[in-house]
Amino acid sequence: MSLCIKGGEGLVEKIRTFPPSPVNEKLKTYRKGELAGIVRVSDRCVGCDTCRTQCPTGAMMGEIGTRHKIDYDRCINCGQCLINCPFGAIEQMSFLDEVMKKLEDKNSFVVAIVAPAVRVALAEEFGKPPGTLTVSRLHLALKKAGFHIFENNFAADQTIMEEGTELIGRIAYWELGLKEIEFEIKDIRPISWVKKVKLDLKEFENKPLPQFTSCCPAWVRYAEVYYPEILPHLSSCKSPQQMAGPTAKTYGALKVWKVNPERIYTVGIMPCTAKIYEASRPEFDSAWRWLKEKGLVTTKFKDVDAVLTTRDLAELFRRKGINPIEFSENEKPENFEWYSGGGTIFGTSGGVMEAALRFAWSVLSGQEPPALSEKWNFVKVRGYTHPRVEAKITIPLKSELKKEIGLDEVTLNVCVVNGIGYRGLHIKDVLEEVLAGTSKYHFIEVMTCPGGCLNGGGQPVEPMGTSWIDPVLPLPL
Amino acid sequence: MKEVVLRHPLSSRIVHFVNMICWYGLFLSGILVYFKMVDNYERAFLMKLHILFAAILTLVIVSYIVVTPDRVFLFMQEVLNWDKDTIAWWKNFGGYPYKFLGKTKIYKYIEKFWFAKPGCPPQTKYNAGQKLLGLTVIFSLAILGFTGWFLYFFREALGKNGVLLFFNLHVWIAIIVTLFVTFVHIPLVLVNWPDFVSMFRLGSGTVPVEWAKEHNPKWFEREVAELKED
Ligand code: SF4
Ligand code: SF4
Ligand code: SF4
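Protein sequence lines correspond, in order, to chains A and B. Residues -7 to 469 (my numbering) are what the first sequence spells out, left to right. Residues 703 to 932 (my numbering) are what the second sequence spells out, left to right.
Keep in mind the hints are simulated off the structure, nothing from the lab. If a hint is listed, it holds; no wrong ones were tucked in.
Computed Cβ-Cβ distance ranges for the label pairs, DEER-style:
hint: 1; chain 1: A; residue 1: PRO224; chain 2: B; residue 2: LEU730; range: 56 to 64 Å
hint: 2; chain 1: A; residue 1: ASP89; chain 2: B; residue 2: ILE845; range: 43 to 51 Å
hint: 3; chain 1: A; residue 1: ASP63; chain 2: B; residue 2: ILE845; range: 32 to 40 Å
hint: 4; chain 1: B; residue 1: MET778; chain 2: A; residue 2: ARG415; range: 40 to 48 Å
hint: 5; chain 1: B; residue 1: MET778; chain 2: A; residue 2: GLU382; range: 52 to 60 Å
hint: 6; chain 1: B; residue 1: ASP741; chain 2: A; residue 2: ASP65; range: 22 to 30 Å
hint: 7; chain 1: B; residue 1: ILE845; chain 2: A; residue 2: GLU323; range: 52 to 60 Å
hint: 8; chain 1: A; residue 1: GLU285; chain 2: B; residue 2: ASP741; range: 55 to 63 Å
Restricting the straight-line Cα-Cα distance to at most 30 Å, the calculated cross-link-like pairs of lysine-lysine (DSS-like) are:
hint: 9; chain 1: A; residue 1: LYS199; chain 2: A; residue 2: LYS372
hint: 10; chain 1: A; residue 1: LYS284; chain 2: A; residue 2: LYS94
hint: 11; chain 1: A; residue 1: LYS61; chain 2: B; residue 2: LYS750
hint: 12; chain 1: A; residue 1: LYS171; chain 2: A; residue 2: LYS199
hint: 13; chain 1: A; residue 1: LYS6; chain 2: B; residue 2: LYS738
hint: 14; chain 1: A; residue 1: LYS61; chain 2: B; residue 2: LYS738
Covered by chain B, according to a simulated footprint, are these stretches of chain A (three or more residues, beta-carbon under 8 Å):
hint: 15; stretch: 33 to 40
hint: 16; stretch: 55 to 64
Quick reminder that beta carbons are idealized off the backbone N, C-alpha and C, glycines included.
Isolated chain A (complex conformation) (with noise of 0.2 Å):
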């Protein structure tokens, strides 16, 4: 089978793609039943030796002039290899056979976890230019394709609750010296609510500062492989995608869809070809866990069954005869299709960043500015093409902090690792300063993509490659 970049354009040649078979099974892996070989190098290869100076692991391995390799026991799964091999050489497993049956399967409650990057990517498979939004079109292509909508933004705000939340108890613990900490999160629209949060900081003595965010699996397997020792300081939040799967079954299922769990198949359609391993990690079955415990189900399931890359849904639509582009774009939101700026900007460099610096300042301050105000804008910790930002963030603290620490602020050192380079080029120094101890950072995001999900090994093979100029530079565009 074979998805055609951006219905052929440019010279670049056409992502291959192979179903998942038991040879991925069977190759090595770091935790026992997860896949493996998400990414393999094919016969088309002409050893030009691209792939190597991508790879942020040294897993691809070869010589200029020879088929390169991947050592599977050093490879995170990002793809960046893929998406950067200008001879189509590298091909993506590919669930999408299997989502097809599922969408014809009557029994079946498919459920769509859409992630940020693939609207600003999508529309590039129908001859649109690169940044064509696509949202309400998309969410209409995916409803006639026959999916149900679970937004993975929605989800990267409940992450960015979870995640900001640790932050704030990390801070809370170590910074500021509390053994307790109590604030409010309210005011989420379209339906507003507050709801009070008690922290028991006793559980973060193991949980150190500064905080790594945890979203990027590519990044999590990277931390599991080469940096064990830093896993402490990595949040103990699941991704949005590993949020929404576990959600969709349960609360989704009981409360808002009222169809039984067992019936529901959860597709992550990502920019990315670490998720589809990330989906298959042995410890995601929470959603299937929790039910089993309220003798609501009994056939054991993953939190989320399949994950498809943009091109993948791409290849999709085209098959269903679907163009995305033809839909109107003022489709109101409904039910998991609601979300905030700050679940949006996941999918570039320094988003997470910047929506838990909102998360965090909103709590801390006790205010809540208007959504169009400065206050929020965090803009300076955006990665774009630097491998590397930081910031400093000064948050004043509302009246009973103040009373409490008899501080009027604080000011938080944040730093987006964008793209982890060549190597581990852009994080080495990151997180050997960590683990020495003398890291000046409270908070740092890390995004294994060169400008975040937006250029993540499932996107649209962009003909140009402008991540590629790095390498050759010694300065920073």
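We have chain A already, so just place chain B with the ligands on it with the hints.
Using the frame of chain A, we list chain B with the ligands on its own:
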């Protein structure tokens, strides 16, 4: 003693020789790798060899340009000098088809065609065919060198389409020009034996005066005129 005239000075002969060895070294290593005719380990070795040949060739050509710019200038002037006789040469390929086929049975079938007519308009140092070859080699060396080294050092700056374009230009120009050199240039030089000898013999790069008068009369007249002036 037989009268001779200098056709290929030592510097040009060295460059030609190095070019020939490196070109075929580059071609063979490149072909074996591109068409995957050998296994991975051998391909890795052959690519190292390819890069070594490329480095030697680049160095020699750059040195030639830097050390003997006058020779480079004269060579460029010669191959770019297309007068009416150069154009006229193409009307019957300098009489070569007649030379090869004139005495064969085939000739009676082709004698009516323009390219089969006998005779050759007077040529300068290089005939029109050699001028075209010279230009082809110069431009292909420039393109192959540029694309090759760019792909080796700066491919990231090109983008994927750029890499594909450079890669395909590199491979296919090399193949086409090598075929041209192997099946046109080499047989024709072997026919012009004194020219071949002057290029490859140990010793001076001269040709007999008689041969020069016959093949390159314009060049010969100019050389003689220059000598008289001196
Ligand atoms: S980029 Fe593609 S063609 Fe080049 S070495 Fe890697 S897999 Fe092979
Ligand atoms: S670039 Fe990513 S997917 Fe490719 S070999 Fe390296 S780690 Fe694996
Ligand atoms: S940065 Fe985004 S696309 Fe890239 S590996 Fe991480 S989650 Fe996937």
